[in-house]
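Student: Here's the letter readout for the chains.
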Amino acid sequence: MNLKSLQIDDQGRLRHLLCISGLSRQLLTEILDTAESFSGVTEQSIKKVPLLRGKTITNLFFEASTRTRTTFELAAKRLSADVLNINVSTSSAVKGETLLDTLRNLEAMHVDMFVVRHADSGAAHFIASNVAPHISVINAGDGRHSHPTQALLDMFTIRRVKGGDFGRLRVAIVGDILHSRVARSQIHALNLLNTGEVRIVAPKTLIPSHAETLGTHVYHDLHAGIRDADVIIMLRLQRERMQGALLPSEHEYFELFGLTEERLAYASPDVTVMHPGPINRGVEMDSEVADGPRSVILEQVTHGIAVRMAVMSMAMHHGEEGSV
Amino acid sequence: MNTIDNIPAIIDDMAGQLDTLTGKRGYANPAMVGIHTGGVWIAKLLHAKLGISDPLGSLDIAFYRDDFTRIGMNPVVQPSQLPFSIDNRHIIVVDDVLHTGRTIRAAMNELFDYGRPASITLATLIERDGRELPIEAGVVGRHVKLEPREHIKLTGPAPLALEIKKTA
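Each protein sequence line maps, in turn, to chains W and V.
Residues in the first sequence are numbered consecutively from 1, following my numbering.
Residues in the second sequence are numbered consecutively from 1001, following my numbering.
Incorrect hints may have been included.
Stated by the list, open to error - Taking lysine to any residue and the SDA-like style, the derived pairs with C-alpha atoms no more than 25 Å apart in a straight line are:
no., chain 1, residue 1, chain 2, residue 2
1, W, K47, V, I1120
2, W, K47, V, R1089
3, W, K162, W, R227
4, W, K48, W, E36
5, W, K77, V, Q1078
6, W, K47, V, N1074
7, W, K47, V, S1119
8, V, K1145, V, I1004
9, W, K47, V, Q1081
10, W, K77, W, Q44
11, W, K48, V, R1089
12, V, K1165, V, V1144
13, W, K48, V, H1090
14, W, K47, V, G1072
15, W, K77, W, T66
16, V, K1165, V, D1005
17, W, K47, V, L1056
18, W, K48, V, R1105
19, W, K47, V, S1085
20, W, K48, V, H1036
21, W, K204, W, E255
22, V, K1145, V, L1133
23, W, K77, V, R1105
24, W, K77, V, G1072
25, W, K77, V, D1067
26, W, K77, V, G1115
27, W, K48, V, S1119
28, W, K204, W, R227
29, W, K48, V, S1085
30, W, K47, V, R1116
31, W, K47, V, D1054
32, W, K162, V, Q1078
33, W, K77, V, M1108
34, V, K1024, V, V1140
35, W, K47, V, D1087
36, W, K47, V, F1112
37, V, K1145, V, P1134
38, W, K162, V, P1079
39, V, K1044, V, I1004
40, W, K48, V, G1115
By construction, these hints were calculated from the structure, which means they are not laboratory data.
Start from the sequences and build out the full structure, keeping to the hints where you can.
Tutor: Spelled out as C-alpha cells, the structure:
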C-alpha cells in the first residue's frame, strides 16, 4: 500500500495525515480554509466547539515535545474530544511491550485517533498500516521524514501574512536541512502551492545529497540565499541528531548562517521571518530578529492550534455513511 | 417545479412583522445574526430595513451540526462572526428555510458559546412542514406545505429566488 492510498480514502477525503506528498493542492487548501474558520473559536467566551464530543484522541509520543504535543492537546480539547497523553519513556515500552501490542491495547480501549511522534522515519506510516479500520493516525513528526502539521501551519501563516498567491513568493529555508523533517514537509507543501522559488541555505554538511531533486535552489552562502527573499524560515540546529563532525562549532555556525538584523537587509524589505521552534537564540538567530517586527514565530504557534483542529476534524473517522 | 415570486415584498413584510413583534415584546436595541448562507442574504436586507445599530453577525453552524459522526465534516463556507457582545442582548436569528429545526438548534448552541443572550427570536423567509424539534419562528415570510420528497431552496444573493424541487 502506498502512502497516498493510505492517507486518502476512496472519496478523496483525508483518512490519516502522514505526510504532505500525496495530498492534492485542493485538499491542502481545504485544510487551510477549514483552519481559517476554526481560528474564530478562540474568540468565543467558551473556546470549544462540540464537533468531536465523545471521541478519544491519544497523543502517542515516543520523542520529547512540548509545543507540538500541547497544541495537539489544546486543538483536541477545543473540538471537545477527550485526550490521553502517553509518553513512551514512562510507559510499557520500557518494560518491553512491542509497539503493536501497545496499539492493540489502546484499540481495546476504543480510542478513535492516534497522534504519533517517533524518532524513526516511517513510524506513523507503520502504525496507520496496522491500526483497526476505524482509527485515524496523524503524524506529529517521524524521524527525518515528515512533520506535516508543522508544514501546514507554516503555509497557513505565510498565506495570512503574504496572501494566497504563492507564485510571486521567494521562500528561503535556512539551516539544518539534513536532519529536518520540517524542511522536507515545507518543501513539498511550498511546491504543491506553486511557490515562485524555494531555496535551501546551509553549509554543505547539513544539506542532503541530491537536494535539487526536491525542486529547490541550493545555496551555501547566507547573503546570496536570502537575497530578495519574501519569507525566511530558520530551522533549529538539531544537536541531538548530529553524529560526527558536521559543524566546527555553534559559534562559527552563527558567524556564517545566524540571522541578524544587519543580514536581514539583504532580503526583501517586507520579509517575514519564521522558525518552527524551539529557537536556539544566538545560534540560528539573534534575539533582536526573533523578537523583532518581522518575526511571526509566536503567530505560528497560535496558528498551529487551528490547523491541528482542521486536520483532526477532517481525518476523524465517520460512521457507516461516511466510510463506504 | 414551482417558484415563489416577489421575495423583496416578502422581506418588506417580514421587516414590518419584526418591528411590531420587538415593539410588543419590548426588545430595545435588538441585534441580528444571519445563518450562512441563505440566512445571511435575508438578514442583510432586514438589517438595513430595520436600521439596526450593531453590525450584522453571521453564524456558520458547521461545527455544531448533529450529523457530524454520520457524514463527517461539511465544507466550511465562512467563519462565524459576532462583532458585538451577545450577553443580555435580544438576538434576532435569521434563516432562509425552517424545516426540521436542527439548524436552529445548532445555531442556538453556538450562540450560547459566545455568551448569554436575553432572548432569541427566529425570523425565517420560509416555514415548511417537517419539524423534528420543538422550535418555532417568531416571524415568517411564507408558510409552505410541500409534498413528500419535495424540497425548497433559496438561491442568490442577486437575484434571490426560491425553487421547489422534487427528488426521485
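Student: None of the hints should be skipped; say for each whether it holds.
Tutor: Verification of the hints:
1. Annotation: proposed proximity of K47 of chain W to I1120 of chain V holds, straight-line Cα distance about 21 Å (limit 25 Å).
2. Simply put, K47 of chain W and R1089 of chain V have alpha-carbon atoms about 20 Å apart, close enough for the 25 Å limit, and the pair holds.
3. At roughly 18 Å between alpha-carbon atoms, K162 of chain W and R227 of chain W fall within 25 Å of each other, so this suggested pair holds.
4. For a cut-off of 25 Å, the pair hint linking K48 of chain W to E36 of chain W stands: about 15 Å separates their Cα positions.
5. Proximity of K77 of chain W to Q1078 of chain V is assessed by CA-CA distance (about 22 Å); at most 25 Å being required, the pair is judged to hold.
6. Pair hint K47 of chain W plus N1074 of chain V holds up; C-alpha atoms about 21 Å apart against a cutoff of 25 Å.
7. This hinted pair checks out: K47 of chain W and S1119 of chain V have alpha carbons roughly 22 Å apart, not beyond 25 Å.
8. A C-alpha spacing of about 12 Å is found between K1145 of chain V and I1004 of chain V, which places the hinted pair at or below 25 Å, so the restraint holds.
9. For the hint pairing K47 of chain W with Q1081 of chain V, the CA-to-CA distance comes to about 14 Å; that is within 25 Å, so the pair holds.
10. Restraint check for K77 of chain W and Q44 of chain W: satisfied, since their Cα atoms lie roughly 14 Å apart, inside the 25 Å limit.
11. Of the supplied pair hints, the one linking K48 of chain W and R1089 of chain V holds, its CA atoms being roughly 22 Å apart against a limit of 25 Å.
12. For the suggested pair K1165 of chain V and V1144 of chain V, the alpha carbons sit about 13 Å apart, so the restraint of at most 25 Å is met.
13. For the proposed pair K48 of chain W and H1090 of chain V, the alpha carbon gap of about 23 Å is at most 25 Å, so the pair holds.
14. Taken as a hint, the K47 of chain W and G1072 of chain V pair is honoured in the structure, with Cα atoms around 21 Å apart against an allowance of 25 Å.
15. Restraint check for K77 of chain W and T66 of chain W: the C-alpha separation of about 16 Å stays at or below 25 Å, so the hint holds.
16. The suggested pairing of K1165 of chain V with D1005 of chain V holds, with an alpha-carbon distance near 15 Å, which does not exceed 25 Å.
17. Using a Cα cut-off of 25 Å, the hinted pair K47 of chain W and L1056 of chain V holds, with the two alpha carbons roughly 22 Å apart.
18. Restraint check for K48 of chain W and R1105 of chain V: satisfied, since their Cα atoms lie roughly 17 Å apart, inside the 25 Å limit.
19. Note on K47 of chain W and S1085 of chain V: the hinted pairing holds, with a Cα-Cα distance of about 15 Å set against a maximum of 25 Å.
20. Proximity of K48 of chain W to H1036 of chain V is assessed by CA-CA distance (about 20 Å); at most 25 Å being required, the pair is judged to hold.
21. For the hint linking K204 of chain W to E255 of chain W, the alpha-carbon distance of about 16 Å falls within 25 Å, and the restraint holds.
22. A C-alpha spacing of about 18 Å is found between K1145 of chain V and L1133 of chain V, which places the hinted pair at or below 25 Å, so the restraint holds.
23. About 22 Å separates the Cα atoms of K77 of chain W and R1105 of chain V, which keeps this hinted pair within 25 Å; it holds.
24. Annotation: proposed proximity of K77 of chain W to G1072 of chain V holds, straight-line Cα distance about 18 Å (limit 25 Å).
25. Straight-line distance between C-alpha atoms of K77 of chain W and D1067 of chain V comes to about 20 Å, which keeps the hinted pair within the 25 Å bound.
26. Only pairs whose Cα atoms come within 25 Å are accepted, and K77 of chain W paired with G1115 of chain V is accepted, the gap being roughly 19 Å.
27. Between K48 of chain W and S1119 of chain V the alpha-carbon distance is near 22 Å, which keeps this suggested pair within the 25 Å criterion.
28. Restraint check: the Cα-Cα separation between K204 of chain W and R227 of chain W comes to about 19 Å, which is no more than 25 Å; the hinted pair holds.
29. A distance of roughly 17 Å separates the Cα atoms of K48 of chain W and S1085 of chain V; the hinted pair therefore holds under the 25 Å criterion.
30. Restraint check for K47 of chain W and R1116 of chain V: the C-alpha separation of about 14 Å stays at or below 25 Å, so the hint holds.
31. For the hint linking K47 of chain W to D1054 of chain V, the alpha-carbon distance of about 23 Å falls within 25 Å, and the restraint holds.
32. Pair hint K162 of chain W plus Q1078 of chain V holds up; C-alpha atoms about 20 Å apart against a cutoff of 25 Å.
33. A threshold of 25 Å between alpha carbons decides the hint, and for K77 of chain W with M1108 of chain V the separation of about 21 Å falls inside it, so the pair holds.
34. Distance hint between K1024 of chain V and V1140 of chain V is fulfilled; the C-alpha atoms sit about 16 Å from each other, no more than 25 Å.
35. Note on K47 of chain W and D1087 of chain V: the hinted pairing holds, with a Cα-Cα distance of about 16 Å set against a maximum of 25 Å.
36. For the suggested pair K47 of chain W and F1112 of chain V, the alpha carbons sit about 11 Å apart, so the restraint of at most 25 Å is met.
37. Between K1145 of chain V and P1134 of chain V the alpha-carbon distance is near 18 Å, which keeps this suggested pair within the 25 Å criterion.
38. The hinted pair formed by K162 of chain W and P1079 of chain V meets the criterion: a straight-line CA distance of about 20 Å does not exceed 25 Å.
39. For the hint pairing K1044 of chain V with I1004 of chain V, the CA-to-CA distance comes to about 20 Å; that is within 25 Å, so the pair holds.
40. The suggested pairing of K48 of chain W with G1115 of chain V holds, with an alpha-carbon distance near 13 Å, which does not exceed 25 Å.
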